[in-house]
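> Here is what each chain is made of, one letter per residue.
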Amino acid sequence: MKKILLATTALVGFAGAASAEVTISGSAEMGIAGGNRGAVTQFWTQIDATFSMSGTTDGGLTFGADIDLDESDGRNTTIFPTIGASPAFAGLTQGGETIFISGSFGKITMGDTDGALDWAAQEIYMGSAIADDHSSHAGAYAFTGLDGTAGGQIARYEYSFGSFAAAVSAEIDTSIANNDVFGVGVKYSGDFGGTAVGFGLGYQDNSVRSVYAVSANATMTNGIAINVGYADLDAQAVGANDTWAGIGVGYTTGALLVQANYGTYDLLGGGTVDGWGLVANYDLGGGAVVMAGYGTGDVAGGDEIGATYGSDESWSVGLGLSF
Amino acid sequence: MKKILLATTALVGFAGAASAEVTISGSAEMGIAGGNRGAVTQFWTQIDATFSMSGTTDGGLTFGADIDLDESDGRNTTIFPTIGASPAFAGLTQGGETIFISGSFGKITMGDTDGALDWAAQEIYMGSAIADDHSSHAGAYAFTGLDGTAGGQIARYEYSFGSFAAAVSAEIDTSIANNDVFGVGVKYSGDFGGTAVGFGLGYQDNSVRSVYAVSANATMTNGIAINVGYADLDAQAVGANDTWAGIGVGYTTGALLVQANYGTYDLLGGGTVDGWGLVANYDLGGGAVVMAGYGTGDVAGGDEIGATYGSDESWSVGLGLSF
Amino acid sequence: MKKILLATTALVGFAGAASAEVTISGSAEMGIAGGNRGAVTQFWTQIDATFSMSGTTDGGLTFGADIDLDESDGRNTTIFPTIGASPAFAGLTQGGETIFISGSFGKITMGDTDGALDWAAQEIYMGSAIADDHSSHAGAYAFTGLDGTAGGQIARYEYSFGSFAAAVSAEIDTSIANNDVFGVGVKYSGDFGGTAVGFGLGYQDNSVRSVYAVSANATMTNGIAINVGYADLDAQAVGANDTWAGIGVGYTTGALLVQANYGTYDLLGGGTVDGWGLVANYDLGGGAVVMAGYGTGDVAGGDEIGATYGSDESWSVGLGLSF
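Residue numbers (this note's numbering), protein chains in the order written: chain A, 1 to 323; chain B, 1 to 323; chain C, 1 to 323.
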């Protein structure tokens, strides 16, 4: 006996009495994935469901929490060495859960959430590929900053004022090293004669490394969007990623979205690692999108620092489904 | 604060606006299970929930996906050696998820779905037992064919025309052996003067083994149902199952269903392994069914090929609940 | 595309047709936790969701089942040694699932449910702390009796008559020792001139130990509540907990609840282990509660039996959220 969950919009009248609620959304992908991912082109199938919880206090504060079904298996056991137990369900660890409370004072979010750097800087990537080929090549970067270097359990406070928003964040290191991560970020979004413009600036420090990132993006009325980003990663060892710069140029018209991106790391002591990606999405409506992605980039080898790297490529094509 | 999910039928008017939705159904079993399953008769409790996702594109294609809660723990780690991570949530592996899209062109299903042989051939078993005793004895077979011999991630295309339907399927082997599995199946269902009749025929090949299966079933207006099946399993080693044949005879009257089944394997090089099962179900309505099951069959021993096997039996009785 | 689940009360008219349903509720905690829990004060984030299934047979019996999302990861692998598989989804083991059927005959519950002792005796603790500091100190006890000593898969039958209720329970030991656990419990709840009064008495035996427990509680109209409990744990080894006694005194006024509790174990062969806890809850409405907890108690050491133990303390403060 199957049960149906109703679309939010259809039931505002009935749901008004609910002070707290759990909603479930889902996603799935089907297709094929190839390139240097494996010896042969393979089938690709993936699924997930998200539990989104929300409520409002008598005083008007809103609060909520969410977790994905794929975060309820036992992965992340490097954090939680008991075999098979998810760190999402233990208080001192995180395994994907996020929890927030917000009001006129701003918003506090805790758990597996972005540090202030990642919160402020906007990714250069647009669209989706079932295997994320376009955004996971050797030159790709996602403004992760120092997030996760101390277990990944983050607390972030953010506040908006007009077109600006600012955030501070902390991640506590419980090891002897005590390398707590602190971060600060600001971002701006505005409209200049129809061109949507955004800027982001973030900084994080954990007593060992000081990382900062900037992002800028503009989406014009003709459908062209340009996203750029830069990060100083403060490498501590020769051969480690020291800085990153990237650009994405996209175009959206009707149901179609295409984007090309390029990113490059400068390594400490010399040498670079770079790559580029392509993505095309065609929206079939109702939650179904045809997705094609391609990525290629340098492949690091033992003695290639400073020299020309080998090349690697991957691609995927299929359907991305949202429910 | 508990939330209720509504029955589909009660809310057609409201749900009409939803283009994509997630529904949740559940099942549970409680009872006792005994026989040679363990030293003593034991309690039996089991539960599951299914996330069923569905949607429709603007052009009228329907698509969907589903996964069970019991597929979101970390089992199947032979496929996915990272401790505790479910292969359902990674693209190149399957851990129980299925995803489909269908339209006038037919239907494509990917993930943990039946190959064309299993899709075409109908099981001989009717009813349910909480511990599946009736359908898991030594002589039982479920038309699994070669499914799972290459990781279990299957793509199947099917098409219906009148009372007939046909399917082809593939499962890609990423090992050096490259033993991809291909399958084809056809099935028929019709009505002859009130007797519901079905036939199924399936074939699979993985370059090593060629397996085929046939099934036939008839359900008469007097409540008697006869199901038969045969499979050529193309054993590659002496002592392995080479062919299988089975029959099930059931009777349904009002809330009561009873069935007996018998199955027998011929082993390569001589000898047989067989077994039989009994099941009785009484439907209490509302999703609750009283279930009793019994199974008994040969027990394989090291040097018994060609001789009489020992005997094993198991039984269970309890409630099967659907939500 | 998010979906909303509706509050039960708003939809009685529509849900009336549903014979079986699955509802989902959630909980989350965010805050900080300190004391001797770790080297530093840490963030605390935790989340869970509960699947509650219910139905009614045509004859008017009600049945149901539930499982939590945090029980669908692969923990409890001491019971289920296959890496990553949750014992909730296998029949002969339990991993948190409970299943019941009830009618005029009483109620039968199976799975991860309380034995009759724990069912009858009421905990002395009130309120909640995000890290349960107040109820998990060295002197705390939760009337677990012998539950879990034989795998934790329990069957309990209970029956109510007026202000009284009684239960019997069994837990089957499948090991060679065959130490099945049997239990019996009775409880009473009544009203004496506005004072709500409760008593509980439970007994369990597994052929090795015979454990009993008593509890009594009174909640007065002025908001003061007194809970007391005692348990004879029948220790089998010198230094093991032999008896336990505890008391909790709480006060509720408007949105505020505070409680202090104290518990002490007498060890076989002499010596005691005790501790006390404090909790304060302030209800913000809508499912959000501000929670503060504190606990402190003896720390057992290798040679301290009969002497003064060291002291340990823990505390937490944060938000507990229900959805």
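It should be emphasised that the hints constitute simulated quantities derived from the structure, not laboratory data. Just to be clear, a hint being listed does not mean it is correct.
[Said to hold, decoys possible] Residues on chain B that point at chain C, a partial pick, calculated with CB under 10 Å:
| hint | residue |
| --- | --- |
| 1 | MET30 |
| 2 | LEU69 |
| 3 | ASN222 |
| 4 | GLY287 |
| 5 | GLU313 |
| 6 | VAL317 |
| 7 | LEU321 |
Glycine residues also receive a C-beta, built at the ideal position from the N, C-alpha and C atoms.
> Are GLY287 of chain B and chain C close enough, Cβ to Cβ, to be under 10 Å, as the hint says?
4 Å, holds
> The hint names ASN222 of chain B as touching chain C; please verify it with the least Cβ-Cβ distance against 10 Å.
24 Å, violated
> Answer holds if the nearest beta-carbon of chain C is closer than 10 Å to that of LEU69 of chain B; otherwise answer violated.
5 Å, holds
> A closest beta-carbon separation below 10 Å is what the hint needs, so does MET30 of chain B meet it against chain C?
4 Å, holds
> Can you verify the interface hint for VAL317 of chain B: is its Cβ closer than 10 Å to any Cβ in chain C?
13 Å, violated
> Closer than 10 Å between Cβ atoms is the bar; does LEU321 of chain B clear it against chain C? Give me holds or violated.
6 Å, holds
> Does the CB of GLU313 of chain B sit less than 10 Å away from some CB of chain C?
17 Å, violated
Checked against the numbered hints listed earlier, the structure breaks hints 3, 5 and 6; every other hint is satisfied.
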